[in-house]
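**Student:** Chains A and B, in that order, give the protein sequences.
According to the working numbering, the first sequence holds residues 1 to 155 in order.
According to the working numbering, the second sequence holds residues 1 to 190 in order.
Careful, some of the hints might be misleading.
Said to hold, decoys possible - Listed below are the simulated DMTMM-like cross-link pairs for lysine to aspartate or glutamate, each with C-alpha atoms no more than 25 Å apart in a straight line:
hint, chain 1, residue 1, chain 2, residue 2
1, B, K173, B, E87
2, B, K122, A, D120
3, B, K4, A, E11
4, A, K121, B, E87
5, A, K56, B, E55
6, B, K65, A, E58
7, A, K142, B, D15
8, A, K118, B, E183
9, A, K118, B, D67
10, B, K122, B, E55
11, A, K60, A, E134
12, A, K137, B, E183
13, B, K122, B, E87
14, B, K173, A, E11
15, B, K65, A, D109
16, B, K158, A, E79
17, A, K60, A, E11
18, A, K150, B, E145
19, A, K150, B, D67
20, B, K168, A, D86
21, B, K65, A, E11
22, A, K149, B, D148
23, A, K47, B, D130
24, A, K149, B, E149
Unchecked claim - Not everything, but these chain B residues come out facing chain A in the computed CB check (under 8 Å):
hint, residue
25, Q7
26, A17
27, D33
28, I36
29, L40
30, K102
31, Q111
32, S115
33, S120
34, L121
35, K122
36, G126
37, Y129
38, Y132
It is worth saying that the hints were derived from the structure and are not from the lab.
For each residue, glycine too, the CB sits at the ideal point set by N, CA and C.
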Amino acid sequence: MARFKKEGSKEPPALNTSSMPDIIFMMLIFFMMVTTMREVTVKVRIKAPDATEVQKLEKKALVSYIYVGPPLQTKLGTESRIQLNDSFRNVADIAEFIFSEREARPEADRPLLTTSLKVDKEVRMGIVTDIKQELRKVGAFKINYSTRKKAEAND
Amino acid sequence: MARKIPQLNAGSMADIAFLLLIFWLVTTTMDTDTGIVRRLPPPPDPTAEPPDIKERNVFNVLVNKSDRLFVEGRLGDIRTLRSEAKEFLANPYDKPDLPEKKFEEIPGLGQYPVSRGVISLKNDRGTSYDMYIQVQNELTAAVNELRDELSKQRFGVKFADLKDDLSKEAVQKAIPVAISEAEPENIGGK
Numbered sequence: 001m002a003r004f005k006k007e008g009s010k011e012p013p014a015l016n017t018s019s020m021p022d023i024i025f026m027m028l029i030f031f032m033m034v035t036t037m038r039e040v041t042v043k044v045r046i047k048a049p050d051a052t053e054v055q056k057l058e059k060k061a062l063v064s065y066i067y068v069g070p071p072l073q074t075k076l077g078t079e080s081r082i083q084l085n086d087s088f089r090n091v092a093d094i095a096e097f098i099f100s101e102r103e104a105r106p107e108a109d110r111p112l113l114t115t116s117l118k119v120d121k122e123v124r125m126g127i128v129t130d131i132k133q134e135l136r137k138v139g140a141f142k143i144n145y146s147t148r149k150k151a152e153a154n155d
Numbered sequence: 001m002a003r004k005i006p007q008l009n010a011g012s013m014a015d016i017a018f019l020l021l022i023f024w025l026v027t028t029t030m031d032t033d034t035g036i037v038r039r040l041p042p043p044p045d046p047t048a049e050p051p052d053i054k055e056r057n058v059f060n061v062l063v064n065k066s067d068r069l070f071v072e073g074r075l076g077d078i079r080t081l082r083s084e085a086k087e088f089l090a091n092p093y094d095k096p097d098l099p100e101k102k103f104e105e106i107p108g109l110g111q112y113p114v115s116r117g118v119i120s121l122k123n124d125r126g127t128s129y130d131m132y133i134q135v136q137n138e139l140t141a142a143v144n145e146l147r148d149e150l151s152k153q154r155f156g157v158k159f160a161d162l163k164d165d166l167s168k169e170a171v172q173k174a175i176p177v178a179i180s181e182a183e184p185e186n187i188g189g190k
């Protein structure tokens, strides 16, 4: 017993914490990099299809998103729904949505506005066709079918 | 027996941290949105006559509600669609049943036979979005491959690597994205 006591009475070496700020900064900046600012909470399931001929969308500020897919909350059923901003909407609401998106941008940028369709791969084309017809009516011609990049040579 | 534990040298810790930070900075990709870019046509003018297009200039692609592919009226395969579309658009041997070409003056390329062929894509309301994207992808790939070939032949680099806007526009004009989507019809119901 006395032996242990003798050792315990020794002073432990001081932990060097001078590099702690560096580590914290590193983590901070790492999280800053990987975090995407998302204004909306996606309420539908979106598993984008794969494609090889994808392009990167330039200028994120000039993109408005339309989400289509089955609701994540299963009590809302499995029928595909359209989500604009934060709520479920109908095809008829798309025109208004596009107008408000245009209003939110400076006038010079409005012709460059792209609509990105984020659609689940199991959605039927009927609803997508309806959306495209609405977009044509309001003159939002630039669209982007959101897809993930797939590796080439699949056969 | 009790030795004094030597002080740990932590001077290089900051360097290691920075090294890691820079490693992540380089390797992390932000969640960028990627996709297939398309331009929708303006709404049809009800008074306008439908344009008179010759049969040889149209390449019909139809996807039905059970995701079956019909190419020029025959059962098609997604794996051969790309090469078929390429042959249609390029018409390398000037076959009489493939599209006509019209010589056009393109700045940067000179006289170039621009194909007048149009790929007409039609889908059912019941087609799955995945299949639709696969078809769009193959057709886009056909156009991109033709552009790459022309660009390599004339400028020595792939289309994506072209630096100046003039040659980019020239290639785009020589091989346009001639994919037209038919006015939707409600065939198979929901």
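**Student:** Work down the list of hints and note, for each, if the structure agrees.
**Tutor:** Hint-by-hint comparison with the structure:
no. : hint            : result
1   : B:K173 / B:E87  : 18 Å, holds
2   : B:K122 / A:D120 : 20 Å, holds
3   : B:K4 / A:E11    : 9 Å, holds
4   : A:K121 / B:E87  : 29 Å, violated
5   : A:K56 / B:E55   : 36 Å, violated
6   : B:K65 / A:E58   : 34 Å, violated
7   : A:K142 / B:D15  : 47 Å, violated
8   : A:K118 / B:E183 : 22 Å, holds
9   : A:K118 / B:D67  : 20 Å, holds
10  : B:K122 / B:E55  : 16 Å, holds
11  : A:K60 / A:E134  : 22 Å, holds
12  : A:K137 / B:E183 : 13 Å, holds
13  : B:K122 / B:E87  : 20 Å, holds
14  : B:K173 / A:E11  : 80 Å, violated
15  : B:K65 / A:D109  : 39 Å, violated
16  : B:K158 / A:E79  : 44 Å, violated
17  : A:K60 / A:E11   : 57 Å, violated
18  : A:K150 / B:E145 : 17 Å, holds
19  : A:K150 / B:D67  : 20 Å, holds
20  : B:K168 / A:D86  : 40 Å, violated
21  : B:K65 / A:E11   : 78 Å, violated
22  : A:K149 / B:D148 : 19 Å, holds
23  : A:K47 / B:D130  : 10 Å, holds
24  : A:K149 / B:E149 : 22 Å, holds
25  : Q7              : 7 Å, holds
26  : A17             : 4 Å, holds
27  : D33             : 4 Å, holds
28  : I36             : 5 Å, holds
29  : L40             : 5 Å, holds
30  : K102            : 25 Å, violated
31  : Q111            : 29 Å, violated
32  : S115            : 19 Å, violated
33  : S120            : 15 Å, violated
34  : L121            : 11 Å, violated
35  : K122            : 11 Å, violated
36  : G126            : 5 Å, holds
37  : Y129            : 5 Å, holds
38  : Y132            : 6 Å, holds
Consistency with the previously given hints fails for numbers 4, 5, 6, 7, 14, 15, 16, 17, 20, 21, 30, 31, 32, 33, 34, 35, ordered from lowest to highest.
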